[in-house]
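Here's the letter readout for the chains.
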Amino acid sequence: MQLSQAQRELTVKIVYYGPGLSGKTTNLQMIHRRLQPSARGRLLTVETRDDRTLFFDLLPVFFNATSGYRVKVKLFTVPGQIIHNATRRVVLQGADAVAFIADSQRSAADSNNAYWKNLQDDMLENGLRVDEVPVVIQFNKRDLPDTKSDDEIEDTRQRGKEPVVGAVAIRCEGVLETLHSVLQLAYRQLDTRSQLSKYISLDETTFLGQIFSRIDLRGTKLEGDERFGAASTSSQPTEESK
Amino acid sequence: MSGSSVNEAGRTESVLQRRTLLSDLLDGPSFAELVKQFVDLYKIGVKVFDESGSKLADFRVGNGDFCSYVFSFNDGRTRCTATVARLKAGPLQALDHERSSPEAIADGTIAVPCFTGLRYLVMPVHWEADLLGRIIFGPFRPDDLAQLPDLLRDMGQGVDLSKAEELISKVRRAPEGTVARVMVHFAQVLATLIAAGQKTYLTSQLHIEATLETNRELEEQNRKLEALNARLKELDRLKSSFLATVSHELRTPLTSIMGYSEMLSQGLGGPLNDEQSEYVQTILDKSETLLKLIASILDISQIEAGKVRLTFEPVEIASVIRSSLSSVAPQAQKKNILLQLSVPERQTRATADREKLRQAVVNLLANAVKFTPEGGRVSVSLTETAFQPELEAEGYRICVEDTGVGIAPEHHRHIFQSFYQVDSSSTREFGGAGLGLAIVKSFVEGHGGLVWVESELGRGSCFIAVLPTIPPAPRSVQISPPAKAPADKNRF
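Residue numbers (the working numbering), protein chains in the order written: chain A, 583 to 824; chain B, 11 to 502.
By construction, these hints were calculated from the structure, which means they are not laboratory data.
Since we're looking at a predicted model, the values are computed, not measured.
Every residue gets a Cβ at the ideal spot worked out from N, C-alpha and C, and that includes glycine.
Check the hints yourself; a few may be wrong.
[Stated by the list, open to error] Here are some chain B residues the structure puts well away from chain A; computed CB gaps all over 10 Å:
hint, residue
1, Leu26
2, Ser33
3, Leu66
4, Gly168
5, Leu212
[As the list claims (entries may be wrong)] As a list, the in silico DSS-like pairs of lysine-lysine whose alpha-carbon atoms are at most 25 Å apart:
hint, chain 1, residue 1, chain 2, residue 2
6, A, Lys654, B, Lys317
7, B, Lys209, B, Lys249
8, B, Lys302, B, Lys380
9, A, Lys699, B, Lys345
10, B, Lys345, B, Lys296
11, B, Lys249, B, Lys234
[Unchecked claim] Some chain A residues near chain B, calculated using beta-carbon distances under 8 Å:
hint, residue
12, Pro619
13, Leu625
14, Arg634
15, Phe637
16, Ala647
17, Ser649
18, Arg652
19, Phe658
20, Ile664
21, Ala668
22, Gly676
23, Trp698
24, Lys699
25, Tyr781
26, Ile782
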């Protein structure tokens, strides 16, 4: 988190981490599509010729808080390929919360575990304390054959404190729920540490409300949530382009 | 470039964490060229400043003479300076005497009047909710300007209004709406440049950071490897020292065992019957084997510790070989192995360490006898001195050939390593500690020579040692020193 009193600006950094081809970029593309253009910047992606993330993806989301503070939430993805370990570590620097995108397919269990370990190592290397940076786990690709059962995913949830969200990112299922969960945890952690509600009059409902009231929440579990006002259920036209 | 700071982990903060400046995202010269083309095309001045007030582009057209004229009056200079300061660093909201430009045309743009009646438009440059700088268009002569304002008349004595009017007429006259539309177009072009620039800037910076991170990781691993290597070397030294001590401590009591056994066999402790004599002889034989093994271990540990030095003298090589052959004759006789010797008619004279060379040949012969079945044949041959291509020098060859079990090719590289056994199973047929050939290699190489094996499994082996007639200066004998690149000298 970067809080600039002089510029009256709060920047929150969320990193989407996980094995290659687990759907990190797809998550950002879906969020980009569902967000009103006035609340976000362009989706910056740097890909190789075969559509693999080379450095990172970046989607900035922003709003002006009533206190006069400008709030920017920067959503990053890391490159998933093994060889980009150093880049992953650099992108993870200063993260306020992490969405760990796991692949639900049984065959991906080993690589999920390896990247989970990689995440812990990278956090340590970056001076981030594992118990202070909240993580949300998304089990993506729930629609594919031979994936973990709901009971097995429940087992994973029981084994740790991280919230677990099932998803089919290409259909935007679970994507906004993951974003909501990771932003909520990030806010709570930052509020505990820096008392955002006291010093910049930004409470959790406002923080989440300012973002999710600008997102098309139709078809998600967040649809109709009172906190996010009418915009969440209205058919807000959004830009379909990348 | 953005300033970098150090984060909690003691690393330089990533470009992803830093605030990006407009100058980071644009290529200065090509951007200036673009602005100039705009100015030439629309005949209106354009200035671009970044958020800190640094100028990225500044092109004027038409107003130079008029502004210089105004600037030549004290009052004019003061007012002009104040206007420029306001444009460059003043707020991006309209002040009392200013107003916002029509929203429908250029949202967020303000119109700033100059006291001369000319006008400027100022537009903020936003990118992803960040304010990066401002664009200033002007001055232009608004089409709604009827006459020169009073302020200009009041500038001071000597103001020539007709000259002022003549000069101001060279300034582009345009409706504010038109200027605003051109400005919006310019801002759109700038936004495209920023989008491309941001991608290039962030990725190139991140690429550098990732490379540095990889480098840091590699250096850390190198440090760990170096520490491990130093530890291994220390362990190796300790092993050699341990072997030397243990061998010495084993040899002392063994000497007593052998001494008393010999006294027994010679009847000094009283007469022995045949069976007792046989037992004592077995004790002596086995003690002899053990003593040789201990001697080998001691040799190898001395060699590894770099404590063995060769002493060269003129030597008649055939005599060394004959003497070696006689020392393995008893074992060969026991196994009914035929020993053959082939030496040239002319004497082979060379400089060598007689004792070490003898031990090398004995080891080769003992090996040959050990691995050759009963009734087999072991032959040793010596050549005359001649040019040896392997050494690129004059030298001689000693070949020890046997009709034994042979050695599979995959073992050829390893058999000269100390403690290496072709058959390392617990049920192996042939005894030994795997030191004989390591000692041979060390001694031959100590002479500046080479040794290798030519063998096929089941078809016997031939060990060939090539030695120079005049070896290089004596030095410590080593166990296969690893190949080292020549030291890199500083050239500059």
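For each hint, the structure was consulted:
1. The beta carbon of B/Leu26 sits about 6 Å from the closest Cβ of chain A, which is not more than 10 Å, so the claim that it is off the interface is violated.
2. For B/Ser33, the requirement that its beta carbon stay farther than 10 Å from each beta carbon of chain A is met, with the minimum near 18 Å.
3. Every beta carbon of chain A lies more than 10 Å from that of B/Leu66, the smallest distance being close to 21 Å; the non-interface claim holds.
4. With a least CB separation of 47 Å from chain A, B/Gly168 remains clear of the 10 Å interface cut-off, as annotated.
5. The claim that B/Leu212 lies off the interface is violated: its Cβ sits roughly 7 Å from the closest Cβ of chain A, which falls inside the 10 Å cut-off.
6. Annotation: proposed proximity of A/Lys654 to B/Lys317 is violated, straight-line Cα distance about 72 Å (limit 25 Å).
7. Between the alpha carbons of B/Lys209 and B/Lys249 the distance comes to roughly 59 Å, so the proposed pair goes past 25 Å and is violated.
8. Restraint check for B/Lys302 and B/Lys380: satisfied, since their Cα atoms lie roughly 14 Å apart, inside the 25 Å limit.
9. Pair hint A/Lys699 plus B/Lys345 does not hold up; C-alpha atoms about 64 Å apart against a cutoff of 25 Å.
10. Among the hinted pairs, B/Lys345 with B/Lys296 is consistent with the structure: their alpha-carbon atoms are about 17 Å apart, no more than 25 Å.
11. The straight-line distance between the Cα atoms of B/Lys249 and B/Lys234 is roughly 22 Å, inside the 25 Å bound, and the hint therefore holds.
12. Of the supplied interface hints, the one on A/Pro619 is violated, with its beta-carbon coming no nearer than about 12 Å to a beta-carbon of chain B, more than 8 Å.
13. For the restraint placing A/Leu625 at the interface with chain B, the shortest Cβ-Cβ distance is roughly 11 Å, beyond the 8 Å limit, so the hint is violated.
14. A distance limit of 8 Å between C-beta atoms decides the matter here; for A/Arg634 the minimum to chain B is near 14 Å, and the interface restraint is violated.
15. Among the interface hints, the one on A/Phe637 holds; its C-beta lies about 5 Å from the nearest C-beta in chain B, closer than the 8 Å criterion.
16. Nearest Cβ of chain B to the Cβ of A/Ala647: about 12 Å, over the 8 Å cut. The hint is violated.
17. Evaluation of the A/Ser649 hint against chain B yields a violated restraint, the C-beta minimum of about 16 Å exceeding 8 Å.
18. Among the interface hints, the one on A/Arg652 holds; its C-beta lies about 6 Å from the nearest C-beta in chain B, closer than the 8 Å criterion.
19. Of the supplied interface hints, the one on A/Phe658 holds, with its beta-carbon coming within about 7 Å of a beta-carbon of chain B, less than 8 Å.
20. Checking A/Ile664 against chain B by beta carbon gives a least distance of about 13 Å; that is not within 8 Å, so the hint is violated.
21. For A/Ala668, the shortest C-beta to C-beta distance to chain B is roughly 4 Å, which falls under 8 Å, so the interface hint holds.
22. Given the 8 Å rule on beta carbons, the hint for A/Gly676 holds: about 5 Å separates it from the nearest Cβ of chain B.
23. Given hint, A/Trp698 at the interface with chain B, is violated; its Cβ is 20 Å from that chain's nearest Cβ, farther than 8 Å.
24. At its closest, the beta carbon of A/Lys699 sits 16 Å from a beta carbon of chain B; the interface hint therefore is violated under the 8 Å criterion.
25. Hint status for A/Tyr781: violated, given a least beta-carbon distance of 20 Å to chain B, over 8 Å.
26. For A/Ile782, the suggested interface contact is broken, since its CB lies about 16 Å from the closest CB of chain B, more than 8 Å.
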